[in-house]
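The opening residue of the sequence shown carries number 71 in the numbering used here; numbering runs sequentially from there.
Wrong hints could be hidden among the right ones.
Distance ranges between label pairs, derived from CB positions [as the list claims (entries may be wrong)]:
id, residue 1, residue 2, range
1, D171, D100, 16 to 26 Å
2, K75, E120, 14 to 24 Å
3, D169, A125, 12 to 22 Å
4, D169, D83, 15 to 25 Å
5, D169, E116, 26 to 36 Å
6, E121, N188, 28 to 38 Å
7, K149, F91, 29 to 39 Å
8, N84, E121, 23 to 33 Å
9, K75, W119, 11 to 21 Å
10, K183, N84, 27 to 37 Å
For the record, the hints were derived by calculation from the structure and aren't laboratory data. By construction, the Cβ of each residue, glycine as well, lies at the ideal position given by its N, Cα and C atoms.
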Amino acid sequence: MAKTKAFISFDFDNDKVLKEFLLQQAKNSDSPFEIFDCSLKEAAPEKDWEEKAEAKIKASDLVIVMVGKGTHKASGVLKEVAMARKHNKKIVQIIGYKDGDYTRVPDAGTLYKWDWENLKNILK
Numbered sequence: 071m072a073k074t075k076a077f078i079s080f081d082f083d084n085d086k087v088l089k090e091f092l093l094q095q096a097k098n099s100d101s102p103f104e105i106f107d108c109s110l111k112e113a114a115p116e117k118d119w120e121e122k123a124e125a126k127i128k129a130s131d132l133v134i135v136m137v138g139k140g141t142h143k144a145s146g147v148l149k150e151v152a153m154a155r156k157h158n159k160k161i162v163q164i165i166g167y168k169d170g171d172y173t174r175v176p177d178a179g180t181l182y183k184w185d186w187e188n189l190k191n192i193l194k
């Protein structure tokens, strides 16, 4: 069975660690998903990052938004969510941290708690 190709969207300035954790989980032998690509890789984005991100989102099966405290205001995340909606991609939001009060990213679907069983069920 083919794994779901996921694009990770995250707040680069504050939540890079969440991306790393999810990349590690995708390597588990029982993972139903693989990481196809991620949000920006540098603090200073390339001029054509939007075109590159959109192409990668378009080629993915779904977009995972890793939610931290400020994700709902992160301009790159908001643009990536808009791209995913434009291409009718499934979007899931995963709360990245155990403690705190988190705000959903607008128009990005349901906000889920991050645990392995929940993640496997959402993404299969």
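Evaluated hints:
no.: 1; hint: D171 <-> D100: 16 to 26 Å; verdict: 31 Å, violated
no.: 2; hint: K75 <-> E120: 14 to 24 Å; verdict: 20 Å, holds
no.: 3; hint: D169 <-> A125: 12 to 22 Å; verdict: 36 Å, violated
no.: 4; hint: D169 <-> D83: 15 to 25 Å; verdict: 20 Å, holds
no.: 5; hint: D169 <-> E116: 26 to 36 Å; verdict: 34 Å, holds
no.: 6; hint: E121 <-> N188: 28 to 38 Å; verdict: 33 Å, holds
no.: 7; hint: K149 <-> F91: 29 to 39 Å; verdict: 23 Å, violated
no.: 8; hint: N84 <-> E121: 23 to 33 Å; verdict: 25 Å, holds
no.: 9; hint: K75 <-> W119: 11 to 21 Å; verdict: 20 Å, holds
no.: 10; hint: K183 <-> N84: 27 to 37 Å; verdict: 19 Å, violated
Checked against the numbered hints listed earlier, the structure breaks hints 1, 3, 7 and 10; every other hint is satisfied.
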